[in-house]
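Q: Could you put together the complete structure from these sequences and hints?
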Amino acid sequence: MMAWQRWVTVGIILCILLLVFALLMPAIYHGREAARRSTSKNNLKQIGLALHNYQEAYRCLPMGGGIREDDVAMNGWLTMIMPFTDASPDYNSLDLDEPWDSPANVEVFQRVRPVFLNPSVPELFTSTGFGLTHYLGNPNLFYQNSSVQFDQMQNGLAHTWMAGEVAGNYQPWSYPFNWRALGAKLCDGPDSYGCLPWSGGHLLFADGSVSFFSNKTSSKILKRFADAPPIATKEQIEAPSKIFQTGLYHWSRIDLQTNPQSRIKYFVNVLRNEAGAALVIRIFTYEKFELTEAEKKEPRALEFSLPELLLQIDSTTDIRKALESTSLFKTASPEQFQANVKTLKALQKQLQ
Numbered sequence: 001m002m003a004w005q006r007w008v009t010v011g012i013i014l015c016i017l018l019l020v021f022a023l024l025m026p027a028i029y030h031g032r033e034a035a036r037r038s039t040s041k042n043n044l045k046q047i048g049l050a051l052h053n054y055q056e057a058y059r060c061l062p063m064g065g066g067i068r069e070d071d072v073a074m075n076g077w078l079t080m081i082m083p084f085t086d087a088s089p090d091y092n093s094l095d096l097d098e099p100w101d102s103p104a105n106v107e108v109f110q111r112v113r114p115v116f117l118n119p120s121v122p123e124l125f126t127s128t129g130f131g132l133t134h135y136l137g138n139p140n141l142f143y144q145n146s147s148v149q150f151d152q153m154q155n156g157l158a159h160t161w162m163a164g165e166v167a168g169n170y171q172p173w174s175y176p177f178n179w180r181a182l183g184a185k186l187c188d189g190p191d192s193y194g195c196l197p198w199s200g201g202h203l204l205f206a207d208g209s210v211s212f213f214s215n216k217t218s219s220k221i222l223k224r225f226a227d228a229p230p231i232a233t234k235e236q237i238e239a240p241s242k243i244f245q246t247g248l249y250h251w252s253r254i255d256l257q258t259n260p261q262s263r264i265k266y267f268v269n270v271l272r273n274e275a276g277a278a279l280v281i282r283i284f285t286y287e288k289f290e291l292t293e294a295e296k297k298e299p300r301a302l303e304f305s306l307p308e309l310l311l312q313i314d315s316t317t318d319i320r321k322a323l324e325s326t327s328l329f330k331t332a333s334p335e336q337f338q339a340n341v342k343t344l345k346a347l348q349k350q351l352q
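Those letters in the sequence shown? Residues 1 to 352, by full-length UniProt numbering.
To be clear, the hints were calculated from the coordinates, so they are not data collected in a lab.
For glycine and all other residues, C-beta sits at the position ideal for the given N, C-alpha and C.
The reader is advised that the hints may include incorrect statements.
DEER-style ranges, computed between Cβ atoms [what the hints assert, rightly or not]:
1. 34 - 99: 35 to 43 Å
2. 199 - 96: 33 to 41 Å
3. 96 - 263: 25 to 33 Å
4. 209 - 255: 43 to 51 Å
5. 267 - 156: 48 to 56 Å
6. 209 - 262: 36 to 44 Å
7. 312 - 342: 13 to 21 Å
Cut-off 27 Å, straight-line C-alpha distance, at most; resulting in silico cross-link-like pairs (DSSO-like, lysine-lysine) [claimed, not checked]:
8. 41 - 330
9. 185 - 234
10. 41 - 223
11. 321 - 265
12. 349 - 321
13. 349 - 330
A: This is the structure we're talking about:
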């Protein structure tokens, strides 16, 4: 009898614990989502501040995308505000005379930049390894070779939207066509603005303010925002009808073997999908600097050079032959070189 009562007591306690857990879980989820929503709002504020600082420096907003006369797409507005968003040396390492997808800049453009990300969106990379942005711009302010000034915003800065969270079809932050029409409804498919878990989204306005609008917001209000001058032409806002494949991809790094005394180092970056299969394999090289004690104390002293792309490997690459034509062949001992070839061949077999 006592044993039976004990089991009844245990069962009651477990039921109470499960009930408490069931009641707490929604609150925990909503609390975390509220924190993500707040972070995204702050990201847009930082983007707004960067745009204002850019305008102060250059007397206009950054061009939406630089397009050469031969129609080669160069760099976009998010790339151009990099110096105003953080103190990293990445911007200075870019060759802005190269197209956005040039191998010369791939090491920087394959990274994610937290200020361009909505933490409620799990996708961070394209299937080719470019870091994504979850924010796009107003096509009337950011378009091909644009140079819009604040005094062109006739409705006032507080009533002219600049950027916002998008609900899908995310693009690389380095892409020179990072603009999208506002549309008549938020959270209305992957080509709309908004964030699905929030049933709405934030818009950044030209005065630096950020406001939340639900998916119930009147289409008349959104149209008034969309039609606020200046108005770009159809030709100016034209963009490729390209949809980037995105997913739960991640980069992993493997250091290659070289002479420990050598200042030149090498590593492999491997882009993997959720199942762990390799999608992209890139080899980079960098130099390790020998700093004096005084230089080490400097706040922005660099111990390493920025990595440069040495080689990209696909399923058809003759790895040994390709490596023999690079500096890695001279930097590594024969044993180290053979070990590197073995490592890279094993990775190559994982390519999808």
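Q: Please go over all the hints and tell whether each is borne out by the structure.
A: Hint by hint, here is what the structure shows:
no.	hint	result
1	34 - 99: 35 to 43 Å	holds, 40 Å
2	199 - 96: 33 to 41 Å	holds, 39 Å
3	96 - 263: 25 to 33 Å	holds, 28 Å
4	209 - 255: 43 to 51 Å	holds, 46 Å
5	267 - 156: 48 to 56 Å	holds, 51 Å
6	209 - 262: 36 to 44 Å	violated, 53 Å
7	312 - 342: 13 to 21 Å	holds, 19 Å
8	41 - 330	violated, 50 Å
9	185 - 234	holds, 21 Å
10	41 - 223	holds, 22 Å
11	321 - 265	holds, 20 Å
12	349 - 321	holds, 17 Å
13	349 - 330	holds, 25 Å
Violated hints for the displayed structure, listed by number in ascending order: 6, 8.
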